[in-house]
Amino acid sequence: MHRSAGAIIRNEEGKILMMDRKKFPFGWACPAGHVDEGESPDQAVVREIKEEMNLDVKDPKLLIHEFVGWNECSKGVKGHDWFLFEITEWTGEVEGSGAEAKSFAWKNIEEIKTLQLEPVWEYWFKKLRII
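In the numbering used here, the protein residues as written are -6 to 124.
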């Protein structure tokens, strides 16, 4: 079973930082990735955000820890033990490497409702009553 860590990053206007994924699973998503061996979920989410968006985050707050049995990743594994965080403090400017995403954007709730979301992020946003 894979462990995944992801984060909802909100700015002062309440907008959420999203990325349009370049690789499977496709769709708009928040930053996330697998938890490496010997790494804690909060360390993983900090690393993933640095790798994907070049932000240095502070104080990730755990929102949800849940096993999602239907969630499939690019490695073909179904079922992930998810750790979902919220982040409201960071330093740096969003700079994507281009390896993970076609584009990045701050989206408000109404905009998020119109996006083709990566399935697991649609699940999280509905569970958290964001959409």
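Be aware that a few hints might be false.
[Claimed, not checked] Simulated restraints on C-beta separations:
1. K100 x G62: 26 to 32 Å
2. R122 x D29: 40 to 46 Å
3. F19 x K120: 19 to 25 Å
4. G69 x E5: 37 to 43 Å
5. F17 x E82: 29 to 35 Å
6. E86 x K54: 31 to 37 Å
7. V70 x A92: 30 to 36 Å
8. T81 x R122: 26 to 32 Å
[Claimed, not checked] In silico DMTMM-like pairs for lysine to aspartate or glutamate, Cα to Cα no more than 25 Å straight-line:
9. K15 x D52
10. K100 x E88
11. K120 x D13
Treat the hints as calculated values from the structure; they're not laboratory data.
C-beta: ideal position from N, C-alpha, C; glycine also.
Would the pair K120 and D13 pass a check requiring their Cα atoms to be no farther apart than 25 Å?
-> holds, 21 Å
Holds or violated: 31 to 37 Å for the Cβ distance of E86 and K54?
-> For E86 and K54 the Cβ distance comes to about 22 Å; the hint is violated.
Supplied distance hint 29 to 35 Å, evaluated on CB atoms of F17 and E82 = Distance hint for F17, E82 holds at roughly 31 Å.
CA of K100 to CA of E88, is that 25 Å or under?
-> holds, 16 Å
Pair hint outcome, K15 versus D52 [Cα-Cα no greater than 25 Å] = violated, 28 Å
Do G69 and E5 keep their Cβ atoms within the hinted range of 37 to 43 Å?
-> Holds, since G69 and E5 (Cβ atoms, about 39 Å apart) stay within the stated range.
Check the following: the C-beta atoms of F19 and K120 are separated by a distance inside 19 to 25 Å.
-> holds, 21 Å
So does R122 sit 40 to 46 Å from D29, Cβ to Cβ?
-> Taking Cβ atoms as reference, R122 and D29 lie about 31 Å apart, which means the hint is violated.
Could you tell me whether the CB distance from K100 to G62 stays inside 26 to 32 Å?
-> holds, 28 Å
With respect to the beta-carbon atoms only, verify the hint that T81 and R122 lie 26 to 32 Å apart.
-> violated, 18 Å
Supplied distance hint 30 to 36 Å, evaluated on CB atoms of V70 and A92 = Given range 30 to 36 Å: violated, Cβ gap about 20 Å.
The earlier numbered hints that this structure contradicts are 2, 6, 7, 8 and 9.
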